[in-house]
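Going down the list, the protein sequences come from chains A and B. Position 302 of the first sequence, counting from 1, maps to 302 under our numbering, and the rest follow consecutively. Position 337 of the second sequence, counting from 1, maps to 337 under our numbering, and the rest follow consecutively.
Since the hints were made in silico from the structure, they are not lab data. Check the hints yourself; a few may be wrong.
[Stated by the list, open to error] Once the Cα atoms are required to be at most 20 angstroms apart in a straight line, the calculated DMTMM-like pairs of lysine to aspartate or glutamate come out as:
| no. | chain 1 | residue 1 | chain 2 | residue 2 |
| --- | --- | --- | --- | --- |
| 1 | B | K43 | A | E286 |
| 2 | A | K203 | B | E262 |
| 3 | B | K274 | B | D300 |
| 4 | B | K265 | A | E262 |
| 5 | A | K106 | A | E143 |
| 6 | B | K4 | B | D330 |
| 7 | B | K357 | A | D228 |
| 8 | A | K21 | B | D330 |
| 9 | A | K357 | B | E262 |
| 10 | A | K265 | B | E262 |
2 protein chains.
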Amino acid sequence: MSTKVRIGIIGLGQQGGMYAKFIAEGMVPNMVIGAITDTDPAKRELAAATYPGVPVYADYLAMLDGGEIDAVVTCVPHYLHPEMGIAALSRDIHALVEKPAGVYTKQVAELNRYAATKPELSFGIMFNQRNNPLYKRLKEIVENGEIGAIRRSNWVITTWWRPQGYYNSSAWRATWGGEGGGVLVNQAPHQLDLWQWICGVPKSVYAKVSYGFRRDIAVEDEVTAVVDYGNGVTGTFVTATHDMIGTDRFEILGDQGKIVVEGSKTATVTRLRKPERELSDSMGMEDVMRLFTGQLNMDDYLTTEVIEFDSVWGAQHAGVLENFAANVLDGTPLLAPGSDGINGVRLANAIHLSSWKGQEVGLDFDEDEFLSLLNDHIRTEGKYPERA
Amino acid sequence: MSTKVRIGIIGLGQQGGMYAKFIAEGMVPNMVIGAITDTDPAKRELAAATYPGVPVYADYLAMLDGGEIDAVVTCVPHYLHPEMGIAALSRDIHALVEKPAGVYTKQVAELNRYAATKPELSFGIMFNQRNNPLYKRLKEIVENGEIGAIRRSNWVITTWWRPQGYYNSSAWRATWGGEGGGVLVNQAPHQLDLWQWICGVPKSVYAKVSYGFRRDIAVEDEVTAVVDYGNGVTGTFVTATHDMIGTDRFEILGDQGKIVVEGSKTATVTRLRKPERELSDSMGMEDVMRLFTGQLNMDDYLTTEVIEFDSVWGAQHAGVLENFAANVLDGTPLLAPGSDGINGVRLANAIHLSSWKGQEVGLDFDEDEFLSLLNDHIRTEGKYPERA
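Taking the hints into account, I'd like the entire structure generated from these sequences.
Shown next as structure tokens:
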């Protein structure tokens with residue numbers, strides 16, 4: 001292999017087109033465009049005109065067998081990610097799958113099982129927000145125990161505003177059969193990943209999901225989920241695509257501190273000088289009054305750090321591409337191993353399942369039951385074949 | 001009756017003591033202290049020494065029959081509010097009950113039914129935060145339809161920090177038999193009232209409640225509730241008493257705008273120039289890109305108003321006392337009619353019931369079932385008699 005990874009881009013839509021541009025412009029120094037596949041003749045013409053000399057395919061399998069690429073990135077509807085990942089890996093081609101890793105855990109587990117048989121190959125997922133310095137820092141703070149064990153986390157992430165025209169732009173969008181869901185499978189996978197990456201994987205979830213609530217779509221445009229990590233530790237997650245003045249507020253309360261993130265930009269980290277229970281045990285009602293009336297010197301109890309981050313959206317994606325290429329070239333650890341992709345899919349599936357059943361669902365839910373209910377929706381919709 | 005209402009204060013503890021002070025200092029111009037009752041001899045000595053000339057009783061019924069008062073305020077453990085309210089009203093004495101109106105809806109409904117037979121008497125509840133100019137303004141904005149129909153509301157209110165010493169300060173505190181619950185019945189009733197006052201009464205609730213989570217108490221010190229108003233409209237409510245760096249963030253999303261309240265002080269009100277769905281229907285993916293890259297001129301779509309409020313805590317209580325006295329004297333409408341008290345109790349009961357049953361509970365839950373389960377907790381605790 002050369003010193004640069006030759007990437008095969010499957011799908012020259014919004015994401016694939018952006019990655020091609022980043023690579024062509026040198027934003028990913030250890031990667032070159034090896035080939036491009038698109039099923040749409042217009043996109044293939046565009047590819048040939050924009051990237052002269054780059055082989056263009058109509059069929060990704062032909063590209064995999066063409067010998068011009070070392071790796072692929074799967075910029076196609078979510079359902080296709082697992083099978084394309086497996087097809088690449090089975091030909092000893094490294095695979096970077098777009099998020100989400102798939103639509104249902106059963107297919108993602110198959111991808112993960114297959115990838116585990118090819119440990120010599122790189123298998124990554126495009127969780128570009130893991131490359132956001134803010135979230136990297138938060139993960140460090142939590143893992144270092146700087147705020148103690150987590151008591152509760154709450155994320156309201158409604159900055160995913162999408163007008164009706166967005167939904168009308170592609171036939172597969174916001175369908176059960178073509179996309180497999182709405183905000184949970186398209187926009188929120190980033191936060192479903194980050195949340196679990198930083199706060200851990202919950203044991204169960206109860207969710208209220210509003211389908212076609214304020215958009216003319218079959219799938220969900222609003223979600224409210226409560227998760228349970230066991231031992232009284234809980235969390236909430238609220239997301240929507242119809243909030244034009246979106247909120248992005250993430251709060252993590254720990255046994256010895258707290259983190260509040262506003263707008264994915266500013267993190268206010270409070271570190272208590274002692275565990276909160278120790279402080280609590282030594283204080284009484286007069287201290288509450290002093291706290292309320294501003295007479296308690298909070299510096300005696302805690303420190304506050306405000307961290308400002310300025311993350312450029314494109315740089316995150318380019319960074320993941322570069323990290324993936326580095327993993328291929330010299331084994332640099334992956335920021336987002338492909339096998340992590342199943343966590344976000346599992347939580348999204350559990351949220352759908354909870355709303356369909358009207359009850360709390362364990363994260364160890366029956367995958368076949370989920371798929372069967374998903375297929376009920378696909379059948380009723382009548383636009384796409386059922387999934388197996 | 002004179003031009004001032006003679007109030008009988010039942011219980012000279014924290015709240016009763018504060019009201020006595022406010023009245024004695026002239027903060028409630030249309031009210032005087034008529035008499036004081038406390039079962040604790042030390043408190044009676046304190047009352048006699050602090051308010052010379054004011055009759056002091058050991059038994060509130062004797063005070064009711066003493067002829068020195070026109071009205072009472074019930075500053076006693078929550079369970080006692082309904083029976084004391086009824087005892088006063090039955091003697092044609094006006095009643096201002098402390099919040100919560102009671103511990104379980106069955107007893108509060110009895111109070112409400114009795115009060116309805118005495119429409120000539122004033123019957124109020126101490127929801128002092130309804131007298132906070134911020135929440136009064138929010139209610140107006142929502143009722144005027146300035147942000148359209150509500151889509152979702154989320155309140156994280158964890159500024160109710162209470163150290164262990166607070167819980168240890170009275171034997172009845174944080175017990176099932178003496179207090180009837182934790183943060184839901186003691187601290188959060190204000191927000192349970194304001195939330196429903198502004199956003200309406202939900203149809204059902206699902207809750208995760210952590211009992212004795214980070215305090216040595218039998219009752220709840222943390223609550224996460226998801227409510228459903230029907231037709232896809234939802235809300236969340238998170239409260240706790242163990243967050244030293246408490247959050248108070250209330251967000252209401254409407255069909256034509258949004259309100260975000262921070263710290264019960266700053267309200268950011270966004271009003272869309274058209275209903276969001278109309279805007280959505282005329283926009284496409286290119287507008288999303290323009291929005292993300294800051295190229296969309298938001299002034300074309302909305303206005304933003306930031307309202308700062310500075311509400312003095314004591315002034316709220318004094319204002320409710322004054323409003324109640326005005327209702328007695330000249331029929332000025334009550335800010336907080338006593339009959340409204342049942343809403344907060346009902347939601348708190350439903351939250352407990354949901355957590356005990358591990359399922360979603362309608363707000364029309366079976367009151368007898370709730371009381372029976374509450375009595376199970378009282379029996380297990382073994383400190384107080386069961387309730388009927």
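Hint-by-hint comparison with the structure:
no., hint, in the structure
1, K43(B) <-> E286(A), "18 angstroms, holds"
2, K203(A) <-> E262(B), "31 angstroms, violated"
3, K274(B) <-> D300(B), "10 angstroms, holds"
4, K265(B) <-> E262(A), "18 angstroms, holds"
5, K106(A) <-> E143(A), "30 angstroms, violated"
6, K4(B) <-> D330(B), "11 angstroms, holds"
7, K357(B) <-> D228(A), "15 angstroms, holds"
8, K21(A) <-> D330(B), "75 angstroms, violated"
9, K357(A) <-> E262(B), "35 angstroms, violated"
10, K265(A) <-> E262(B), "18 angstroms, holds"
Hints 2, 5, 8 and 9, counting from the list given before, are not met by this structure.
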